[in-house]
Amino acid sequence: MNYKIFSLVIGFTIWLLATIAFRVVGHHFFLTDNAIVLTGLYVAVVPILGLVATWVFNKYKLSKLQAIQSAAIMVLPGMVFDTFCIEFFAWVFPNLPETDGATFGSWLMWAYATVLIFGLLRKEKK
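Going by the working numbering, the sequence shown opens with residue 6, and the numbers climb by one from there.
For the record, the hints were derived by calculation from the structure and aren't laboratory data.
Be careful, since some hints might not be right.
[Claimed, not checked] Each computed DSSO-like pair below joins lysine-lysine, with the alpha-carbon atoms no more than 30 angstroms apart:
#	residue 1	residue 2
1	K9	K130
2	K66	K128
3	K128	K69
4	K9	K64
5	K66	K130
6	K64	K130
7	K9	K128
8	K69	K9
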């Protein structure tokens, strides 16, 4: 499997698992009225997604340009599908208050930006 297909599969898998987690138990951890918990979620996503992205880049020994492509491909499934998850937030995430939709969208943008930044910061192999 080449790195582009693998990146797409990883991105879709992470999106699917995260969406299921938020739908089933999101009301236990996505606490928008608790600044400490919410800050923790924003902070935690950086090393978690950074490790996943770096693992993919290293697995395929990607150059900087390839890492940028891989990062873009990884976030693409989630960005496309989350467009609908946010639009139909109350239906997709019935366990979360509809007022959490904006914060959820913000957190998603942060997560996607994190993966893209890891691709951009990849050092060129010598």
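How the hints compare with the structure:
no.: 1; hint: K9 / K130; verdict: holds (19 angstroms)
no.: 2; hint: K66 / K128; verdict: holds (11 angstroms)
no.: 3; hint: K128 / K69; verdict: holds (6 angstroms)
no.: 4; hint: K9 / K64; verdict: holds (12 angstroms)
no.: 5; hint: K66 / K130; verdict: holds (8 angstroms)
no.: 6; hint: K64 / K130; verdict: holds (14 angstroms)
no.: 7; hint: K9 / K128; verdict: holds (19 angstroms)
no.: 8; hint: K69 / K9; verdict: holds (14 angstroms)
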